[in-house]
Amino acid sequence: MRTFFLGGVLSGIAVLSALRADVAELWEERLRTVVAVEHYVETETERRPSVSYGTVIDENGTIILPSIAVNARSTPSQLKDFKVYRAGSAESAAGEYLGQDPLSGWHFVRAAESVRGELTPITKFVGEAREPKMGEELWGIGLRNKDEDFMPYWMSGRVSLVQSLPMRTAVALDEVTGPGLPAFDAEGKFMGLGLTGFGESFLQFSSSDRGGLPVLMMNVEESAALLTTPEVLPQLGRVPQNKFGRPLAWLGAYGLEPVDAEVARFLKLGSQSAVVFSEVVEGGPAARGGLKEGDVLLAIDGQALPRFRPDRGVVQFVGREIVRRKPGDEITLTVLRNGERQDVTIALGDQPKLLREAERKYFDRIGFTAREFVHDDAVARRVNPQDANGVVAHFVKPNGPASTAGLRTDDWIREIDGVGVQSFEDAVKRLTDIEEDNTRAECVVLVTRSGETAVLRIRL
Amino acid sequence: MSRGFEQLLDAVVRIDVREHAFEAGARRFTSGIGSGVILSKDGIVLTNAHVASPRAVEVQVTLANLERVNAKLVGWDHWTDLAVLRLDLEEVQRRGLKFRHAEFGDSSKLKVGDTVYAVGTPYGLTRTATRGIISNNNRYFEDSRGVKGYETGAFNTWLQTDAAINPGNSGGPLVTADGRVVGINSRGYAGADNLGFAIPSNIAKRVVHGLVHKGEIERSYIGIVPRDLQDFEGFYALSLNTGMLINNVDRDSPAARAGIRGGDILLAIDGVKVDGRFPEQLPGIQNMIASRPVGSELKLSVRRSGETKEYVVVTEKLESRVGEEWAFEKWGLSVRKVSRTYARENQLADATGVLVIGVQPGFPASVAGIQRGDVIRKVNQQPVDTLEVLKAAHAAYEAKPETVLVEAMRNRQISLYVFKP
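For the protein sequence lines, the chains are F and Z, in the order given.
First residue of the first sequence? That's 1 in my numbering, and the numbers climb one at a time after it.
First residue of the second sequence? That's 1001 in my numbering, and the numbers climb one at a time after it.
This is chain F alone, in the form it adopts within the complex:
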């Protein structure tokens, strides 16, 4: 009796350890698909390291990083010294930044040849490319911080929801992987890529200020949500041809707002969705095609907009429909205007220069960075992009002369010493002259902020 009981326990242990041995083997192989990528962001006055996690996607050492890996305000020329670390390793190999893909949002980095032999692309572990099932247990790899040599650790959790947001997304009960890192099923097949912004959140209450509001904290190093493999795979081929991800299709309409279920019912939209266009840029592709502010978009190329839960998903859906097309492509939008349906055909344009493509130059003596005025600056300030001139204060050195005079980040500089700024080059030339003139005691700039101008006297 006693022996039988013991035997039973032993056999149970045997089964468990068999599973563990199995998983340990899968684990070792799949560790080769994950890396930590470090890079430095060089700003005007400082140099900061930044670490993110990435997944290897091909034999050429190409790695994808989530969109938040790089600050949207930095320009590629400020991103320096990419280094690729294998899980659990203190040794790094050089990496090359390839750029960001506008559709997936991923940043692409290529690891130096020396390390490629030790990496395995995630595509090696793709099975039938299916969505995870409800309640299925998935596992993934977490990476510790740099001071712990990016030591890998095991995570797992059961799928509790699979939802269109608008991309098919699986949400697990626990964190299953790091953001940007893969998750697998019991057989080790690739089931999805960890998303950012889905880590567990915590409320921290202050012990000294008992009536105070709690602080919301979020686990940004781990993720409970996955972009499912069928959504990931088609986008893996979108390695950017240049650092800015061009060519980029452009509609020239902004401020898309979804209609809620009540409004949809009132407009008799049935089970489909709709979005309102808040702004149509003068002279842009949408305006040329006849789109108007306040138009309610119902369908793209005859396909009714699907309904998402929450409603907001439709905004990203429309955005992706534009970005997946090319400049010059025609797109037909069915809109509701003053209660009537009409079709608007638009030839998509080429995205005007983006913020991260804008020229910039730092003037240390005056204490600010002048940035080229680009299309998005005009849109943000509600001015016609065609007749906008001047430069933008992209960075203002704290306590520097410009800062003391009252210049603030994003101020639009229209005049320098009483003379209008014609172009970025014009501004650079004149600011350089001012900086190099040691007899100069001051300069005066005219800036626009929130639609109002102010004259600032900068004492050098």
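Hints were generated in silico from the structure; no laboratory data involved.
Glycine is no exception: its CB is placed at the ideal position from the N, C-alpha and C atoms.
Careful, some of the hints might be misleading.
To be verified - Pairs of lysine-lysine residues, derived as DSSO-like cross-links and limited to a Cα-Cα distance of at most 27 angstroms, are as follows:
| id | chain 1 | residue 1 | chain 2 | residue 2 |
| --- | --- | --- | --- | --- |
| 1 | Z | K1148 | Z | K1214 |
| 2 | F | K268 | Z | K1400 |
| 3 | Z | K1330 | F | K268 |
| 4 | F | K133 | F | K189 |
| 5 | F | K268 | Z | K1420 |
| 6 | Z | K1337 | F | K292 |
| 7 | F | K268 | F | K80 |
| 8 | Z | K1072 | Z | K1041 |
As the list claims (entries may be wrong) - Now the in silico label distances, taken between C-beta atoms and shown as ranges:
| id | chain 1 | residue 1 | chain 2 | residue 2 | range |
| --- | --- | --- | --- | --- | --- |
| 9 | F | A441 | Z | F1278 | 18 to 26 angstroms |
| 10 | Z | F1278 | F | Q422 | 30 to 38 angstroms |
| 11 | Z | Q1230 | F | E436 | 25 to 33 angstroms |
| 12 | F | N399 | Z | P1279 | 21 to 29 angstroms |
| 13 | F | E221 | Z | K1330 | 48 to 56 angstroms |
| 14 | Z | K1391 | F | K133 | 43 to 51 angstroms |
Chain Z: place on chain F using the hints.
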């Protein structure tokens, strides 16, 4: 005590006001207390605009002999924070009530250090007199939402006094020892000691005259925002004591249409040189423009990049930043008409629409998702260019509650909402 001062004490009144407040998504009442001074035999009472505004529905004046009498608002001018009331003379006669009235003094004769007295109703303490001196006779103080959300102080400077001025003193007179009214007490610095401000009597005289005869003070507007030149004289190479910096020109204003820009220097108006080196000089220059009849042609000498040029500007009527307010009670929605100034401040394309200033929880507007700060631009696909459009839609809803489609803007994003019965 002089006989004049005794007479003045008999002319100072307490004012109780009950007024509409629209902020809660419904029409509610609030009440307030202030002071005032009777200026004539026919019952003209001068007080502050922030005591008695057009929102007032009931104004009661307590005379020095502790009799209460009803009064009506004759007009207000938030720019100088002054309002004029008229006692119900019929009631005064019927009840045989007696009152005396005060006389204005000349505020331009006041010197720093002169003794003055403030008389009023601080914290409801009727007929309180405090004593101090003129601390400054030309104080610049401007506030873009200082009088119930309306602008004040752009066209006048203030008398500053250390006579104690507390809440409730508002609208009461600042007087010399002979009982002459040299100012109307208006505000104090919250948290500071003895920093009180009063409107000089010479300005009050003109405003009272205008309000009694026309019911309002009409001012001219050209759309320039001035700034003192003190830091820039050298830079702009100006001759001594000339010029005012134009810091900003309002979009679509007469000055903007004429081609004047921020950063320009205003040298003269119709040949009269302006001197705007210090902040306290700005209200006088602003008033030179504002006091011209609406529609006047002004010739402005403006300096830009070392050259001087003449610009002709035709003035428009000055408008306030606060539009008319209303509450749509069936929807639980309070709104304020978008004014030109509000549209400009918030970079809206035009003044179409109404600003939501309150919603009542559980009512249709709130249930649909409308929030305070939204701008309602269309109702049932009709542009809301006047408050009447929305009033008509609400009246139709009251008569027969049916679903209403509303287009509103929040942070430049347009959304649709339905108000359901």
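To see whether the hints hold, each was checked on the structure:
Pair hint Z:K1148 plus Z:K1214 holds up; C-alpha atoms about 22 angstroms apart against a cutoff of 27 angstroms. Restraint check for F:K268 and Z:K1400: the C-alpha separation of about 21 angstroms stays at or below 27 angstroms, so the hint holds. A distance of roughly 25 angstroms separates the Cα atoms of Z:K1330 and F:K268; the hinted pair therefore holds under the 27 angstroms criterion. Taking the CA atoms of F:K133 and F:K189, the gap is near 13 angstroms; set against the 27 angstroms cutoff, the hint holds.
For the hint linking F:K268 to Z:K1420, the alpha-carbon distance of about 15 angstroms falls within 27 angstroms, and the restraint holds. Note on Z:K1337 and F:K292: the hinted pairing holds, with a Cα-Cα distance of about 24 angstroms set against a maximum of 27 angstroms. The hinted pair formed by F:K268 and F:K80 fails the criterion: a straight-line CA distance of about 54 angstroms is larger than 27 angstroms. This hinted pair checks out: Z:K1072 and Z:K1041 have alpha carbons roughly 16 angstroms apart, not beyond 27 angstroms.
A hinted range of 18 to 26 angstroms for the beta carbons of F:A441 and Z:F1278 is consistent with their spacing of about 23 angstroms. The beta-carbon spacing between Z:F1278 and F:Q422, approximately 35 angstroms, falls within the hinted interval of 30 to 38 angstroms. At about 29 angstroms, the beta-carbon gap between Z:Q1230 and F:E436 stays in the expected band of 25 to 33 angstroms. Checked against the hint of 21 to 29 angstroms, the pair F:N399 and Z:P1279 passes, with Cβ atoms roughly 26 angstroms apart.
In this structure, F:E221 and Z:K1330 meet the distance hint of 48 to 56 angstroms, their C-beta atoms being roughly 52 angstroms apart. Separated by about 57 angstroms at the C-beta atoms, Z:K1391 and F:K133 break the suggested range of 43 to 51 angstroms.
In the structure shown, a violation is registered for the earlier hints numbered 7, 14, in ascending order.
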